[in-house]
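A.B. asks: Here is how the chains run, residue by residue.
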Amino acid sequence: MVRAGRRLLSSLPALFGVLVFTFLLMRVLPGDPAVFFASGPNAGKEEIEQIRKQMGLNKSVPEQLVFYLSDIGHGNLGRSMMTGQPVLKDLRERLPASLELTFTALLIALIAAVPLGVLAALRPGSLVDHGVRMFCALGVCVPTFVSGLLLIYVFYYLLGLAPDPTGRIDVFTSLPPQRTGFLSIDFLLAGDIDGWWAACKQLILPAVSMALFVIAPLARITRASMLVSLGSDFVRTARSVGLSWRKVVITYALRNAILPVITIAGIVFSTMLGANVLVEKVFSWPGVASYALDALLSSDYAPVQGFVLLMASVFVLVNLVVDICYGIADPRVSIE
Amino acid sequence: MSEKLLSIDDLHVSFSTRRGMVEAVRGVTLAVEAGEMLGLVGESGSGKSVTGFATTRLLDSAGRVTAGKILFRGQDVTKLRGDDLRQLQGAAMSMIFQNPRAALNPIRAIGLQIADAILTHKRISKDAARAEALELLHAVQIRDPGTRMNAYPHELSGGMCQRVMIAIAISCNPALLIADEPTTGLDVTTQKVVMDLLADIAAARGMATILITHDLGLAARYCRRIAVMERGRIVEEASPKALFGAPQHAYTRRLVAASPTAVSRIEDLVTEEEREGYAAIVSKPRQELAAGTPPLLEVRKLAKRFDQGAAAVADFSMTMAGGESVGLVGESGSGKSTTSRMICRLIDPSEGDIVFDGQSIGHVAARDFHRSRLRKDIQMVFQDPNESLNPRFTAFDCIAHPLLRLDGLRAGNELRQRVNECAERVGLPLDLLPRFPHQLSGGQKARVGIARAIACRPRLLVLDEPTAALDVSVQAVVLQLLDRLRRENDIALLFVSHDLNVVRMLCDRTIVLRNGGIVEQGESRALFDNPKTDYTRKLVEAIPHFEAGPALAAAL
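These protein sequences, in sequence, are chains A and B.
The numbers in this note's numbering rise by one with no breaks, and the one at position 63 of the first sequence is 63.
For this note's numbering, count along the second sequence from 1 and bump the result up by 1000.
Chain A on its own, in the form it takes in the complex:
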């Protein structure tokens, strides 16, 4: 535990660097927020100047940075011009939506990718292997918004199985009391099975279209490390004493092969969380990524900076979790 804490502390400088870098980047990007938030296209020069002064944009960049950093120190991420709410509140509302989607997608991806990789590794060069390779190639080639639209077309428009892709829950369902922020869990905690099912139905299509995209790397790494592990001396030992096929493949080979998959899953998770803006847009999912994109397009500095800080912190946390998982899975590793 002490070590985990130390790890977190040591990542603070990196977080600080990210903060400063994003801040500067936003300042050099073209676009003047004051123009955007002026009353209209024909707002006069004085009005814009007035807004600039209000927002503190008339001060020099270093001065702005100092103000910004001291605000962050007080836990204040600023206010979004778009929504009119504090950024912290916006993010807190939207992060669970993103997390729920990403977790589900990762879970689906792992459940699909690990068996596929194992199957491919058990018979390298076979039809199964080539089939898996083709499936993975397709998953990577088709962009998530295309696969998302295809899924909507087939399951919503043609088959009518899925609900309309408009967010986390349809407007007529009453929301459960918020506990975790994950709708599917909150419904369960409230004992509302119908609501839970409705939330799951909304969740499944976007999660699958995100999962399709990351199955490929996960399946490939599973296949590769499974091949190494099947060819290793200890698997030969296991076979030499006649252990059952299941024991050899699952307990001996797969448990060793899963170690690099954990690392890749961590990386994939952080990437997905930030990069799933396309899926969020297609399914009108109220997540953080689409929020940040909207803010970026309207030169709304505070939400973008808040988003980047959030992503960086999530990345640090995910890495820590991966290392801890690794330490549990592999007795040779201790968390440094």
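Any given hint could be a false lead.
[Stated by the list, open to error] Label pairs and their in silico Cβ distance ranges:
#, chain 1, residue 1, chain 2, residue 2, range
1, B, S1157, A, L188, 46 to 54 Å
2, A, K247, B, S1044, 28 to 36 Å
3, A, R133, B, S1157, 41 to 49 Å
4, B, F1306, A, L188, 52 to 60 Å
5, B, G1020, A, F145, 48 to 56 Å
6, A, S244, B, D1010, 30 to 38 Å
7, B, E1414, A, A329, 53 to 61 Å
8, B, R1019, A, A329, 38 to 46 Å
9, B, R1064, A, P13, 56 to 64 Å
10, A, I324, B, N1173, 40 to 48 Å
11, A, L149, B, Q1087, 49 to 57 Å
12, B, F1306, A, I324, 23 to 31 Å
[What the hints assert, rightly or not] Only part of the chain B face toward chain A is listed, based on derived beta-carbon distances under 7 Å:
#, residue
13, T1056
14, L1058
15, R1086
16, Q1089
17, G1090
18, M1095
19, A1102
20, A1103
21, L1104
22, N1105
23, I1107
24, D1116
25, T1120
26, Y1152
27, H1154
In case anyone wonders, no lab produced these hints; they're calculated from the structure.
Just so we're clear, the structure is a prediction, and the values are computed from it rather than from any experiment.
Backbone N, C-alpha and C fix where the C-beta goes; we use that ideal spot for every residue, glycine too.
Based on these hints, arrange chain B on the given structure of chain A.
C.D. replies: Frame of chain A, contents of chain B only:
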């Protein structure tokens, strides 16, 4: 005569490779009786391991038995499928492998691994299996077996891992145990303990054992019958006494001659016809150094501490004269490699000084020593000829590199001449120079490594186990080469090795290290014949020997 437990009849095994089918075993016929220990010896590529793997049905998917039968208790093993096969593996025959640490599952506690094997063949509860596993750990003499049950392989030494492997192999009392190089890579003393244990267990449980090894001495010590394999065939089968006393086949004769014994000299290691020219060099007496000549190398109170740990080497002092050969022996962890690397100035000593040719070099940082003009006087030959050559350099580039860097030569005729000269001196055919390391054999790679080290005409050559990865016949040639280089060019050799027989032949003086300190030192022959400390005696006694009878000496 008892019933044959295993009989292999005209076995052929082929591997499909990128260059087509390769026959690894071509017609092996072999029989093992219940309870006997058979030695299967041969050099790398002779097909001895493949024969073992074919018997236990553990060949990789590329390998196939193309002809012949393997009868185990009258049942043809090569035709077994599915459950029949699994009932055989582990329960009736099992295997022990080289490199014990890799052979155990790194992320599973050893107790569980033993229990896995037991549970496969016995219908008992998990607790009962655990109790049996504990008993097995007792049987293989692991100290404190109760706590070791939950240990992982990386927490155990190599010898310990091999005991665990033995425990797994004997867990279901098989009738046949195949041990594939079970002690290669272990220290001599550990080797003796493990082999004694294995022999005792096999005898106590009436298990037949096939000992697959490249070490003739080891096979001679533990087996009553030895089969010699060469290129996929068995060339000779006899009792150790007959085999070493009067080897019949030419290959066996060469192998027996190349295996160092307690009395062999370097010139004995190859047969008559290969020896030409060498005798003349050996017989030439070395010129005595004038009295009062300062030593070439003087090491004073050298010590090395790695961060916060105990000292890896402490208070190490020695001197070497020009052209002298000194052996540095000890078990793994004794600090011999660390010492040799400090003397080579590859790592920095924590304390003490190294004086080479009157100049103190101990305080030049290892990082900067490559700029010193003494760099080319101290060169090194590394243990693994495969790993120590740059895979993207041809043999020519490897040898030329130190000449370009240290001798200031430019690419051109002179360089080519020098490289050719080095290659000739180490007996490397010139047409091999454009080849890359993976296109060379182990012995050829070892020669490239030596040629690279002598390219700049060093005065001190430090050799870290230069022959450990080589077959005995290749080792014999490399040892002769080193001895000749020393005599012809007056190069001093510091020879680091765990193989005492080799050190005894090659070195004038020997230093025995243990836990980073000198235990004993002195003139080699005296030290080995009459060790003064218990530790040295234990080391010397652990070497497996075979007695080269008078008949053999006469034949040579």
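A.B. asks: A separate judgement is required for each hint: does it hold in the structure or not?
C.D. replies: Hints and how they fare:
no., hint, result
1, B:S1157 x A:L188: 46 to 54 Å, "holds, 52 Å"
2, A:K247 x B:S1044: 28 to 36 Å, "holds, 33 Å"
3, A:R133 x B:S1157: 41 to 49 Å, "holds, 43 Å"
4, B:F1306 x A:L188: 52 to 60 Å, "holds, 55 Å"
5, B:G1020 x A:F145: 48 to 56 Å, "holds, 50 Å"
6, A:S244 x B:D1010: 30 to 38 Å, "holds, 33 Å"
7, B:E1414 x A:A329: 53 to 61 Å, "holds, 58 Å"
8, B:R1019 x A:A329: 38 to 46 Å, "holds, 40 Å"
9, B:R1064 x A:P13: 56 to 64 Å, "holds, 59 Å"
10, A:I324 x B:N1173: 40 to 48 Å, "holds, 42 Å"
11, A:L149 x B:Q1087: 49 to 57 Å, "holds, 56 Å"
12, B:F1306 x A:I324: 23 to 31 Å, "holds, 28 Å"
13, T1056, "holds, 6 Å"
14, L1058, "holds, 6 Å"
15, R1086, "holds, 4 Å"
16, Q1089, "holds, 4 Å"
17, G1090, "holds, 3 Å"
18, M1095, "holds, 5 Å"
19, A1102, "holds, 4 Å"
20, A1103, "holds, 4 Å"
21, L1104, "holds, 6 Å"
22, N1105, "holds, 4 Å"
23, I1107, "holds, 5 Å"
24, D1116, "holds, 6 Å"
25, T1120, "holds, 5 Å"
26, Y1152, "holds, 5 Å"
27, H1154, "holds, 5 Å"
In terms of the numbered hints stated before, the structure departs from none.
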